[in-house]
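Q: Given next are the chains, with one letter for each unit.
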Amino acid sequence: MVGTAVQSARRDIMRRFGALVVPVISLAALVWVLFLARGTTAQPAVRDPGEFAVTLLDGVTFAGLLFVVASGFTLIFGLMRTVNMAHGSLFLLAGFTAIALQQKMVGKTTNIAPEDVTLMSWIVPLIVAAALAALLGVLLQQVFLRWNQGQELRQALITIAISVVLADQMLRQFGGLAKTMVWPGAVSHFIEIFGQRYATSRLFMLAVAVVVGVALWLWLTKTRMGMVIRAGVDDEPMVRALGINVTLIFAVTFFVGAFLAGVGGVMGASFAGAATGSDGAWLLNSLVVVIIGGLGSIKGAVAGSLLYGLVSAFAPVYLPTQYTFYAVIFSFVLLALVLAVRPYGLFGRPA
Amino acid sequence: MTGTLLEVRDLSSGYGESQVLDGVSFAMGVEAVGILGRNGMGKTTLCATLMGLVRRSAGEVHLDGRRIDGTSPEQIARSGISYVPQGRRLFPSLTVDEHLAMLAKGTKGKRWTPKAVYELFPRLAERKGSSGGDLSGGEQQMLAVGRALLLNGSLVLMDEPSEGLAPTIVDVLVEAVHHLVSEGTAVLVVEQKLRAATAMAERQLLMVSGRIQAESTAAELLANPDLQTRYLGVGSAVETGEHAAGSPAKGRVS
Chain Z
30 MVGTAVQSAR
40 RDIMRRFGAL
50 VVPVISLAAL
60 VWVLFLARGT
70 TAQPAVRDPG
80 EFAVTLLDGV
90 TFAGLLFVVA
100 SGFTLIFGLM
110 RTVNMAHGSL
120 FLLAGFTAIA
130 LQQKMVGKTT
140 NIAPEDVTLM
150 SWIVPLIVAA
160 ALAALLGVLL
170 QQVFLRWNQG
180 QELRQALITI
190 AISVVLADQM
200 LRQFGGLAKT
210 MVWPGAVSHF
220 IEIFGQRYAT
230 SRLFMLAVAV
240 VVGVALWLWL
250 TKTRMGMVIR
260 AGVDDEPMVR
270 ALGINVTLIF
280 AVTFFVGAFL
290 AGVGGVMGAS
300 FAGAATGSDG
310 AWLLNSLVVV
320 IIGGLGSIKG
330 AVAGSLLYGL
340 VSAFAPVYLP
350 TQYTFYAVIF
360 SFVLLALVLA
370 VRPYGLFGRP
380 A
Chain R
7 MTGTLLEVRD
17 LSSGYGESQV
27 LDGVSFAMGV
37 EAVGILGRNG
47 MGKTTLCATL
57 MGLVRRSAGE
67 VHLDGRRIDG
77 TSPEQIARSG
87 ISYVPQGRRL
97 FPSLTVDEHL
107 AMLAKGTKGK
117 RWTPKAVYEL
127 FPRLAERKGS
137 SGGDLSGGEQ
147 QMLAVGRALL
157 LNGSLVLMDE
167 PSEGLAPTIV
177 DVLVEAVHHL
187 VSEGTAVLVV
197 EQKLRAATAM
207 AERQLLMVSG
217 RIQAESTAAE
227 LLANPDLQTR
237 YLGVGSAVET
247 GEHAAGSPAK
257 GRVS
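Line by line, the protein sequences give chains Z and R. First residue of the first sequence: 30, per the numbering used here; consecutive thereafter. First residue of the second sequence: 7, per the numbering used here; consecutive thereafter.
Hints listed in this document are in silico derivations from the structure and should not be mistaken for laboratory results. Hints may contain errors.
Said to hold, decoys possible - Some chain Z residues near chain R, calculated using beta-carbon distances under 10 Å:
| # | residue |
| --- | --- |
| 1 | Thr250 |
| 2 | Met254 |
| 3 | Gly255 |
| 4 | Val257 |
| 5 | Arg259 |
| 6 | Ala260 |
| 7 | Gly261 |
| 8 | Met267 |
| 9 | Arg269 |
| 10 | Gly272 |
| 11 | Asn274 |
| 12 | Arg378 |
As the list claims (entries may be wrong) - Okay, derived cross-link-like pairs now, PhoX-like style, lysine-lysine, Cα gap no bigger than 20 Å in a straight line:
| # | chain 1 | residue 1 | chain 2 | residue 2 |
| --- | --- | --- | --- | --- |
| 13 | R | Lys134 | R | Lys121 |
| 14 | R | Lys111 | Z | Lys251 |
| 15 | R | Lys121 | Z | Lys251 |
We put the beta carbon where it would ideally sit given N, CA and C, even for glycine.
Kindly produce the complete structure, drawing on both the sequences and the hints.
A: Spelled out as structure tokens, the structure:
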């Protein structure tokens, strides 16, 4: 009894502390960026709106990519409680596959210029590679995970094992050198924002993310299957007790989740290249986003992507130059702050 | 009783090491039947076991002559049991309309469609756009019943439908149960409240310690405080110091 009282008092203090600390820190960060920003590479935003606008755009466009990858991860977790540790592998496999396909379509393996790349020779590899990731995802679910439904630790270990195997096979197939997918020429321009040049390809990436997000939202809210998936996230046994065949729903969800990893992988390969190790990095990115946003919540994936994207864009630019190296810490400060105030993430619910 | 719709034979189940159901047996036709019992006597476990949500350790369940135990919850639901669980278990992410829409496929031309559910419970029609979590207790229960009806099953299984509801709302449910039975749908209702249970069903099975210990009628139960004390632990049990759960008497009325 005493223990629970102390615990609940501690929780209460943490909540009040959070309710106070979060606005204070956010306000301090805002004041710093807008008016002070001493010793940084950037001027305070009021004096250099261009730098601020570009950083903001960097954050939001990166958030778009984060969202596409993390939404697939959170969709699978939300319905099936499966932490798919091979999500990053599907991401990287789609990236490599799309690059190989684009090289075939363009007819060159090196020095591909944006002018060589038509819209089709970006979109067709995107769809084919994402579909490959999706099929592999369903195969993985049907062959390995189906039998271990509800055994979360076992599923996590199985998917880790698969990600290790896939990483080795990709190294063998695609080599250890980083490769890049080339944006189509039509979107490889620069526009001027407050006197700063900005790459339209990044805006294109954001547009693709928005299209994916809207399609996902329409699917989940307007279709019968979307309703069943949301119901399943809430209470899966009850959905079964209403006569609905969840086996099919699980397979479709895994397909879509893996497809999103694939789309993200192709976007990522165009944005930052594909290389051995990106699989782990993007699994970590997805985890950070969904832990901030709340596991299983698409809204949470949006919020988590935006927060994580913005923090990782602003931290290196607006830290005093001698501390730029520590910018990466801020992502984890963000994570710690969110978890201190909301242990299940922004939109998460206890399982 | 007109022919047997549901037959349960020696059904046992439990969680891990602890056995909760200890050989439940009964049969029912197209009628309303109540299962009455105090807290912890295995009523909810009986519902969950019938639905396949808790694995049975022994026994058989036949619905309409077909054996349904040992299959999955979705198969049991499709074979004709419409389940209204304890605590309603609505989906907080879905609106009232979505709860019905997700089950609307295949209801066309059948007795229960979303439209028919709204006619049965006009209150729900007014709250179509509300989320399942924002409804009042009564509205939630109406939705839980309406959702189950869309399966167009031959048997509606209700687990403590009156729990936490105002008497006027319970009356709405009672009326719905009578309506269903008059249309040829069987209703098996599990309750711990005497008033609600007896209003819904004339035939009452009394459950004690994981078994059906006796059978009675609504009228007899209401008129006989001794029966209430013995099986339900209500009435004079506390004053006389007699413990209803201790040793269930041999089924005097069964």
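Q: Of all the hints numbered above, which does this structure not satisfy? Sort the numbers upward.
A: none
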